[in-house]
Amino acid sequence: MYVCVCKSVTDHQIRSLVSEGARSLRQVRDCLGVASQCGKCGKMANQIVKQTLESVSPAPHSGSVR
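Just so we're aligned, residue 23 is where the sequence shown starts under this note's numbering, counting upward by one.
By construction, these hints were calculated from the structure, which means they are not laboratory data. Please note that a few of the clues may not be correct.
Stated by the list, open to error - Pairs of lysine-lysine residues, derived as BS3-like cross-links and limited to a Cα-Cα distance of at most 27 Å, are as follows:
{"id": "1", "residue 1": "Lys72", "residue 2": "Lys62"}
{"id": "2", "residue 1": "Lys62", "residue 2": "Lys29"}
{"id": "3", "residue 1": "Lys29", "residue 2": "Lys65"}
{"id": "4", "residue 1": "Lys72", "residue 2": "Lys29"}
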């Protein structure tokens with residue numbers, strides 16, 4: 023789906039960039055231009071970045087296993 027109509031950026035492009043190493047909306051914006059024009063897509067783009075980071079990063083280990 024299109025997240026940023028102004029720059030024609032899709033959720034797939036954002037997820038791919040995060041999977042390749044982007045770790046923040048700022049990095050995604052610098053590469054794709056998302057949320058750099060009218061800004062209406064910023065919340066959605068940030069949500070996609072966070073969700074993708076959670077899915078590609080393992081959960082922190084709590085320390086002890088019971």
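For each hint, the structure was consulted:
Restraint check for Lys72 and Lys62: the C-alpha separation of about 17 Å stays at or below 27 Å, so the hint holds. With a C-alpha separation of about 12 Å, the suggested pair Lys62 and Lys29 falls inside the 27 Å cut-off, and the hint holds. Between Lys29 and Lys65, the direct Cα distance comes to roughly 15 Å. Compliance with the 27 Å bound is thereby established for this hinted pair. The suggested pairing of Lys72 with Lys29 holds, with an alpha-carbon distance near 20 Å, which does not exceed 27 Å.
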